[in-house]
Amino acid sequence: MNKLIKLNIDGKECMATKGQYIVEAARENDIYIPTLCNIPNLKPRGACRICTVNVNGKLMTSCTTPVSEGMVVETSLPEIVDLRKSIVELLFVEGNHFCPSCERSGNCELQALAYRFRMMVPRFPYRFQQRNIEASNSKLIKDHNRCILCKRCIRAIKDEEGRGIFAFKRRGHQVEISIDPELAKNLTDELADKAAEICPVGALLRKEKGYETPIGERKYDKTPIGSEIEKFAHSKP
Amino acid sequence: MSKAIVATTSLAGCFGCHMSLLDIDEKILDLIELVEFNKSPIDDIKTFTKDCDIGLIEGGCCNSENVHILKEFRKRCKILISVGECAIMGGLPAMRNGIPVKECLEEAYLNGPSVASNTEKIMPNDEELPMILDKVYPCHEVVKIDYFLPGCPPRAGLIWDALTALLTGKEMELPYEVVKFD
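Protein chains in written order, with my numbering: chain P, 1 to 237; chain X, 1001 to 1182.
Hints were generated in silico from the structure; no laboratory data involved. Incorrect hints may appear among the rest.
[As the list claims (entries may be wrong)] Straight-line distance between alpha carbons at most 27 Å, and here's what the computed DSS-like set of lysine-lysine pairs gives:
| # | chain 1 | residue 1 | chain 2 | residue 2 |
| --- | --- | --- | --- | --- |
| 1 | X | Lys1027 | X | Lys1046 |
| 2 | X | Lys1027 | P | Lys222 |
| 3 | X | Lys1170 | P | Lys222 |
[Claimed, not checked] Part of the chain X face toward chain P, derived, beta carbon under 10 Å:
| # | residue |
| --- | --- |
| 4 | Ala1004 |
| 5 | Leu1092 |
| 6 | Lys1135 |
Here the structure is a predicted model, which means the values were calculated and not measured. C-beta: ideal position from N, C-alpha, C; glycine also.
For reference, chain X alone in the conformation it holds in the complex (with noise of 0.2 Å):
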């Protein structure tokens, strides 16, 4: 049997997701015998060389970028999970949701106490950078997402079972200490 392919990415995300992903410990050496990792910051293959089986997409949507990847992910992958709070629910990037855009840039660069430097009163507007959004999005209001495995982040048993059962095609038992909010 080929093995399967697996891309992940980290959105709006602090990368927890990944590390619980790597807290498999040794059983990361079951795992590459059963999947080959393409795009992903694990191996650093930074786009897509071919279609994928898995997409394991951390965090949310805050910007033009994350939306950008993530239908890119929808594109090449056939199944989408999302990964933790922030992919499921904005997490805490979208605790910025019920404030406006403008006020969050002003905090963040002009009137925040760690402020000291901005003398000119700059805002990053390079047409290079991503345009931010004006709320954070969860991961399944932007493109269709096919599994859920919350925490922050998910226990890595929680993961693992997660692709053994997508791999084995068995059903997940979901015992009741891997399923967490936080």
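If we strip away everything but chain P, and leave its shape as in the complex, we get (with noise of 0.2 Å):
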């Protein structure tokens, strides 16, 4: 049987089962910790640090800190918040998010981030990287300018056989999601449309769809990311 323990998160008293990450376990007790590169049900990267809250006095990503007895969480601190508001405004400066043209805006997870925490501009510099966009696959778009290196298509598609068909090449600041050219043609088109919906901004694209929702119905119009899991939408930042 799973054990179940006790731990504070921002000064409730909650209950979690032992091995299970922060983020889980904050989750099944109504609390909304922001994450972006973090899925569910797979190995966490803990690459974006959206995520990051105060664990006894500590700075820690709480997809990848499993939950211990006794312990206390902080996920809403100002400068917690701050923090990862900073890191979305940063993702925005880095890559060229022209949010106005793209297909993924309303339903971006990026933007919807930006908004709850209600990023008006950027603290940062813009720095308009030339980045390309990549169309020689037949299902899928591939816009770099977009691309933030969550990794959660190289995590999350795989062939039948276990083999990821998402790859990164090159390395350090030039690095880019890569389809492998062996691997493409195992990429069904139920594995690009969840390709598509894996990608949290636009950087994926199946081909031939795009602005299918009107505006005002797109899944970020009128509530924000994380609202489902917050019993009271628009409490906190």
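Combine both chains into one complex, guided by the hints.
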């Protein structure tokens, strides 16, 4: 049987299962910790640092830190909220995120976090890096202007033999996602749909689709990201 | 109380943000009770006739004239507000930022599929024309900007809330639905 333990999240006594990550434990207790690179039920990476929380006085990523008995977690201290906001701002200036012309606008998790944090303008200067758009694959368009290198596609999209279809190529600031040319033929329509869906931004798009949902009816038009977890939407940043 | 004086301009923008200001509908009647417009396309006053309280900037800076006007607005307005995505981050005009200016001009005047009659291969270079900049700059990278209203265009409600908050000294509420980037 799974062992239950007690911990304190934002001053509230919470129950969690031993071995569970903080972000999941918080979710089960109706507390939303913003995430970007994390995908439930998949091994976490701790890449984006958006889910940083204060654990017993130290900053940790809640997607990679398992709960422990008596742990004290603070998820919404003003400095942590500002840290998260600054990461979102860094991502906005690092890539070329032209929201008005993006097919994913309104359904984009990066944009939704910026909305949630009320980002009016990034505090950092825009970099306007030259990035390419690749349409050589028959099912997917890759727009590197929008990619935030979260590795969600690499981790989630596997062929029938469990081989990753996506991979990083190059190193350092030149790193970008690529589709394995050998395995591209294994990218079924279902996997291509899943890849476009798993991408938190508009970097992976299904060809011959786009702007399917009218403005006002998209996922994050009226309700903030995370409000499905919180009982009271708009309650905190 | 004397009326606050507002100036507006469209730099490298599409006038959509100005249209959104007009989208406040009948509240425009309330607005003209609160403010007087000076240099603005709305009343067609082309040069500043006095110092202003609030300057609304639409569009980023893509050429030397945009920079000149923006600096003039900074001198003549107590508060400057970047209105819309183009003013805040360059917007769609900034999609050229990764491409050298020479290539952009050649595509527009020599090689583009819609170029039909430029047989003499002329590129506009009259000294009366503003010089195009190496890239499109967000306004706050050229002068200090005090406030930012995102959106493409910013929702009429957001512009109205911002103006009335400034004029009455009340804090803005910023409901979730009005802060959008598209």
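Checked hints:
1. Among the hinted pairs, Lys1027 (chain X) with Lys1046 (chain X) is consistent with the structure: their alpha-carbon atoms are about 25 Å apart, no more than 27 Å.
2. For the suggested pair Lys1027 (chain X) and Lys222 (chain P), the alpha carbons sit about 24 Å apart, so the restraint of at most 27 Å is met.
3. Between the alpha carbons of Lys1170 (chain X) and Lys222 (chain P) the distance comes to roughly 25 Å, so the proposed pair stays at or under 27 Å and holds.
4. Residue-level restraint check for Ala1004 (chain X) is violated (minimum Cβ-Cβ distance to chain P is 22 Å; threshold 10 Å).
5. About 6 Å separates the beta-carbon of Leu1092 (chain X) from the nearest beta-carbon of chain P, less than 10 Å, and the hint is met.
6. At its closest, the beta carbon of Lys1135 (chain X) sits 6 Å from a beta carbon of chain P; the interface hint therefore holds under the 10 Å criterion.
Hint compliance for this structure: hint 4 alone is broken.
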